[in-house]
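Chemist: Sequence:
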Amino acid sequence: MAELVALPMMGQTMEEGTITRWHKKEGDRVEKDEPVLEVMTDKVNMDVESPRDGVILKILQPVDAVVPVQGPLFIVGEPGDEISHLLAAAGGGQAKAEPAPAPVAPQQPTHPAEAVEQGEIKASPRARKVAEQTGVDIGMLAGKGSGPEGRIIERDVLTFAAKTRQERVRISPLAQRIAAEQGVQPQELIGTGPAGKITRQDVERARQAAPVQAGDQRVPLVGLRKMVADNVSRSFRTAPHVNLVMEVDMTEAAKLREQMLADVEARYGVRLSFTDLIVKAVALALRDHPRLNSSVADDAIVTHASVNVGVATAVSDGLVVPVVKDADRKMLPEISAEVKRLAGRAREGQLSSEDLSGGTFTVTNLGSYGVDSFSPIINPPQCAILGVGQITQKVVLREGRVDSAPAMKLCLSFDHRAVDGAPAAEFLRDVKGYLERPYRLLV
Numbered sequence: 352m353a354e355l356v357a358l359p360m361m362g363q364t365m366e367e368g369t370i371t372r373w374h375k376k377e378g379d380r381v382e383k384d385e386p387v388l389e390v391m392t393d394k395v396n397m398d399v400e401s402p403r404d405g406v407i408l409k410i411l412q413p414v415d416a417v418v419p420v421q422g423p424l425f426i427v428g429e430p431g432d433e434i435s436h437l438l439a440a441a442g443g444g445q446a447k448a449e450p451a452p453a454p455v456a457p458q459q460p461t462h463p464a465e466a467v468e469q470g471e472i473k474a475s476p477r478a479r480k481v482a483e484q485t486g487v488d489i490g491m492l493a494g495k496g497s498g499p500e501g502r503i504i505e506r507d508v509l510t511f512a513a514k515t516r517q518e519r520v521r522i523s524p525l526a527q528r529i530a531a532e533q534g535v536q537p538q539e540l541i542g543t544g545p546a547g548k549i550t551r552q553d554v555e556r557a558r559q560a561a562p563v564q565a566g567d568q569r570v571p572l573v574g575l576r577k578m579v580a581d582n583v584s585r586s587f588r589t590a591p592h593v594n595l596v597m598e599v600d601m602t603e604a605a606k607l608r609e610q611m612l613a614d615v616e617a618r619y620g621v622r623l624s625f626t627d628l629i630v631k632a633v634a635l636a637l638r639d640h641p642r643l644n645s646s647v648a649d650d651a652i653v654t655h656a657s658v659n660v661g662v663a664t665a666v667s668d669g670l671v672v673p674v675v676k677d678a679d680r681k682m683l684p685e686i687s688a689e690v691k692r693l694a695g696r697a698r699e700g701q702l703s704s705e706d707l708s709g710g711t712f713t714v715t716n717l718g719s720y721g722v723d724s725f726s727p728i729i730n731p732p733q734c735a736i737l738g739v740g741q742i743t744q745k746v747v748l749r750e751g752r753v754d755s756a757p758a759m760k761l762c763l764s765f766d767h768r769a770v771d772g773a774p775a776a777e778f779l780r781d782v783k784g785y786l787e788r789p790y791r792l793l794v
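Position in the sequence shown counted from 1, then plus 351, gives you the working numbering.
In short, the hints are calculated from the structure, not lab data.
Every residue, glycine too, gets a C-beta built ideally from N, C-alpha and C.
There's no promise every hint is true.
Said to hold, decoys possible - Below are the DSSO-like pairs computed for lysine-lysine, each with C-alpha atoms no more than 27 Å apart in a straight line:
no.	residue 1	residue 2
1	606	783
2	606	691
3	409	606
4	760	691
5	745	760
6	676	691
7	681	783
8	691	681
9	783	760
10	473	577
11	375	409
Claimed, not checked - Derived Cβ-Cβ restraints for the label pairs, each shown as a range:
no.	residue 1	residue 2	range
12	569	703	29 to 35 Å
13	641	386	56 to 62 Å
14	720	616	22 to 28 Å
15	432	731	56 to 62 Å
With these hints in hand, go ahead and build the complete structure from the sequences.
Modeler: Have a look at this one:
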């Protein structure tokens, strides 16, 4: 008997996935647990495997389709198996290739009896949070969600909010026509006409500000790039960022690393880096400053028992943050080996959801790119992130004489909802202390 295979939930926060590749085509024979397609989630790319031996009888979604959890993917069985009932259950087998559901125009209930009570609305926690932040009445989406069993997910709220914003735009008919002809989005303009109405001049100014030249390339915001864009936009929009910078004298850290290099490489097969020292220093400081090891969840601050430090890693099409679990309990060589393992898997596109989950704090190092300091964006739902700059030689005074010393800037961004300035400064000061007296990292 043929079987309909749906998109499984591959992580606690997963609501949907984007199909990036089909490993098999219709008519191909597969074995149980053999990968059939690759799906990109909000965390990582994962393979969906066949639940049984058989033949791929029907592929129900194209590449780039966005599929909700439990949405239909493919039908597997044996040649001749009846699949019409499975196609009906899958909605006729029509793939949803659009990156977002069709916008739904807002409708006000005409009678009080038509209003839906909050407790009856099926919506994900993230969707409810985004609805609150964007001022969307989530009751207006009741029964219109694109998630499993009509559940409202974040994408539904964002689409609805964009649609209502567009409908609120005041624009003259002439300006509307010119905007359509020139490819200008009216909802992105600030009107200078009466009562904020967008005029022809507003559209023409916007067009002149960003002219499209021959040879310009428009790259769709999809895949990992879109995931990164969504995450940083949400973080910057919802978390009030505060930034602190401290300069660290890296003289002793450089000496310690030099002394340990050969021994660590011989015994553990890894080359100790400054990032490894920083991860260890951060982990130890987080034990003494648990508020920095927290997440903001709805109307609560969750302080985590484990210290799991994410290390931002650049890949070809974006950024991923694999996590060193229990970093405060690991020895320096163990941290170094884990950072190298995770970075290698990231470059190969082989990170698992376990590699990317559970982070409580993030370190991002741009020193190798010649960056002195920067203001990193918090990795939600964490409440803080540490940016690391390059090590440079600085002129210093030592016992009344001029000398030079390697120095590095630490740039802390923190969520002011969870942390105030003084405790954040104390945490950063302790990280600096561990790096300037690095032998404490070995205790």
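Chemist: Name the hints, by number, that the structure is in violation of.
Modeler: 3, 13 and 15
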